[in-house]
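Novice: Place chain B on chain A using the hints.
If you read the protein sequences in the order shown, they are chains A and B. According to numbering that gives the first Met the number 0, the first sequence is numbered sequentially starting from 0. According to numbering that gives the first Met the number 0, the second sequence is numbered sequentially starting from 0.
Just so you know, the hints here were simulated from the structure itself, not pulled from any lab data. Treat each hint with caution, since some may be false.
What the hints assert, rightly or not - Among the chain B residues that face chain A by a calculated CB cut under 10 Å, a handful are: (1) Gly18; (2) Asp20; (3) His116; (4) Glu162; (5) Ser177; (6) Arg241; (7) Val271.
The beta-carbon is built from N, C-alpha and C at its ideal position, and this holds for glycine as well.
Protein chains: 2
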Amino acid sequence: MDFIAVDWGSTRFRAWSMGADGDVLDSVESDTGLKAVEGGRFEAALMTACGDWLARDPGLPVLMSGMVGSRAGWKEAPYCLCPADLAAVTADALRFEVAGHPAAILPGATCDDALGHADVMRGEEVQIFGAAGLLGVEDAVICIPGTHSKWARLEGGRLAGFETHMTGEIFALLRNQSLVGALAEGDADDPAAFRDGLTHGMAAPLAHAAFAARADALRGTLPATSISAFLSGVLIGAELARRPEADEVVLMATGILAERYGAALDHVGAQVRFVDAKDATRAGQVRAAATLWPERVPA
Amino acid sequence: MDFIAVDWGSTRFRAWSMGADGDVLDSVESDTGLKAVEGGRFEAALMTACGDWLARDPGLPVLMSGMVGSRAGWKEAPYCLCPADLAAVTADALRFEVAGHPAAILPGATCDDALGHADVMRGEEVQIFGAAGLLGVEDAVICIPGTHSKWARLEGGRLAGFETHMTGEIFALLRNQSLVGALAEGDADDPAAFRDGLTHGMAAPLAHAAFAARADALRGTLPATSISAFLSGVLIGAELARRPEADEVVLMATGILAERYGAALDHVGAQVRFVDAKDATRAGQVRAAATLWPERVPA
Numbered sequence: 000m001d002f003i004a005v006d007w008g009s010t011r012f013r014a015w016s017m018g019a020d021g022d023v024l025d026s027v028e029s030d031t032g033l034k035a036v037e038g039g040r041f042e043a044a045l046m047t048a049c050g051d052w053l054a055r056d057p058g059l060p061v062l063m064s065g066m067v068g069s070r071a072g073w074k075e076a077p078y079c080l081c082p083a084d085l086a087a088v089t090a091d092a093l094r095f096e097v098a099g100h101p102a103a104i105l106p107g108a109t110c111d112d113a114l115g116h117a118d119v120m121r122g123e124e125v126q127i128f129g130a131a132g133l134l135g136v137e138d139a140v141i142c143i144p145g146t147h148s149k150w151a152r153l154e155g156g157r158l159a160g161f162e163t164h165m166t167g168e169i170f171a172l173l174r175n176q177s178l179v180g181a182l183a184e185g186d187a188d189d190p191a192a193f194r195d196g197l198t199h200g201m202a203a204p205l206a207h208a209a210f211a212a213r214a215d216a217l218r219g220t221l222p223a224t225s226i227s228a229f230l231s232g233v234l235i236g237a238e239l240a241r242r243p244e245a246d247e248v249v250l251m252a253t254g255i256l257a258e259r260y261g262a263a264l265d266h267v268g269a270q271v272r273f274v275d276a277k278d279a280t281r282a283g284q285v286r287a288a289a290t291l292w293p294e295r296v297p298a
Numbered sequence: 000m001d002f003i004a005v006d007w008g009s010t011r012f013r014a015w016s017m018g019a020d021g022d023v024l025d026s027v028e029s030d031t032g033l034k035a036v037e038g039g040r041f042e043a044a045l046m047t048a049c050g051d052w053l054a055r056d057p058g059l060p061v062l063m064s065g066m067v068g069s070r071a072g073w074k075e076a077p078y079c080l081c082p083a084d085l086a087a088v089t090a091d092a093l094r095f096e097v098a099g100h101p102a103a104i105l106p107g108a109t110c111d112d113a114l115g116h117a118d119v120m121r122g123e124e125v126q127i128f129g130a131a132g133l134l135g136v137e138d139a140v141i142c143i144p145g146t147h148s149k150w151a152r153l154e155g156g157r158l159a160g161f162e163t164h165m166t167g168e169i170f171a172l173l174r175n176q177s178l179v180g181a182l183a184e185g186d187a188d189d190p191a192a193f194r195d196g197l198t199h200g201m202a203a204p205l206a207h208a209a210f211a212a213r214a215d216a217l218r219g220t221l222p223a224t225s226i227s228a229f230l231s232g233v234l235i236g237a238e239l240a241r242r243p244e245a246d247e248v249v250l251m252a253t254g255i256l257a258e259r260y261g262a263a264l265d266h267v268g269a270q271v272r273f274v275d276a277k278d279a280t281r282a283g284q285v286r287a288a289a290t291l292w293p294e295r296v297p298a
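Bound-form chain A, shown alone (with noise of 0.2 Å):
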């Protein structure tokens, strides 16, 4: 074993041992995310977790990302400013030990936007790091959907700054417990109800396009049953209405998402290129993990 590498959200925590050349040794999953950790006994959680493997290598270094360096997290990691080169995220790497183990909670990212306001990720820098290196490529525009959708630039190989937007929460919000909500049934796919919502979606402001599946609805003219895909669409719509220039997405999705994402950019017409979301993280903690444990874990 080189290293091994903790993705430790809110809600899950995935570990992976990791062999010679970035290859998975072995690998946990489980509900145990930082919110199903009582009193904080984060220390405790991790060795439970992934004990067996540190008992068998006193010098195995651990490496965390995501959640768990926020301030609801183990132990906070302040945010490392963008523009930012991989080197720069690793330098703000919070260290410290565990059980006589090196250890190292990543810092997250931050920008400022145009607007001068801040944003804010913990977890999808590594998985930008990790895709550029799966990909080869030091310039990308990269989309990671999901409850606060990512869109981040990397220019010359460093995430040059990035865009949240609240996509995924809202649309739960809206399907779940809105107006608009209450009269749909069921979640069934419609791509042609999505592909309406997310015309509308990308012309019309999104708390007056998202209340046309409720009028519609009521007019009679989209049925019940559609009402998610319509709303998704719009959700969608809106997020892509302010999308950063580029001929070419890296879209780090899967199933619905990856669907969803993938027709709506195409509709727009960019370019997908898919990375997988585990495979990025993995290999973006490689790439941090080298620069961390240079004599432990090769480059």
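Specialist: Only chain B this time, still in chain A's reference frame:
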């Protein structure tokens, strides 16, 4: 008494005993909104509230507006299609009898927006015609802020069209149930934070601008006690960014909404003319009743 005016919504019941010249002889207001009426006993609920008035005059008409005419209300009154003047709206009223009294439910209004989607309102149409009567205008842009804010265009005395923004509902969802609101403490007013949110909401897409409240708070540039005001600014800014062109806006709001929309409209250089929503409802119902029952209600 000339007629009984009822404004019956999902959560509130309001009724006025109206005399000649539109003066209010008596009024009742209660929590017996439509949702509180069990087993479809709407007539019994109306009699409980207004039975004494009805008993005094066997021919007394009852005019109702609001969600009472929706699918989830007493009787569904299909929407009147815009452009529509008051006569067109009253012509589409659903007329029936309640305990021998002539009764009517106003139909609400619907329109098709420039993007081919429907919009709907119930209850606001009577407020819009009422406001026009109170102000003596035939052309106006009228804003009715709330859960679902309405921006209506009155042209030559006709309701030409309107646009709904889910501003209040999305604000409440973000404030009370999102990861942005989770960082907020209280809902104190903060004019500077509100104005900051306003300019951000006017410039950036809603799902991104709202996230700035979280990012700024995590970076330490927005106090937790100012998040609510900032978010309110973002939501209202997003609404105002796409308002109809107008030098003057008729604003139907009271309290904090009147303050915030007033400040926001002032910020964008629009003149504001306030109209009280209850006054507008009654004035609109007097105009509608005069059309429906000219033998009883003087125009």
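Novice: Identify every previously stated hint that the structure contradicts and give their numbers, smallest first.
Specialist: 1, 2 and 7
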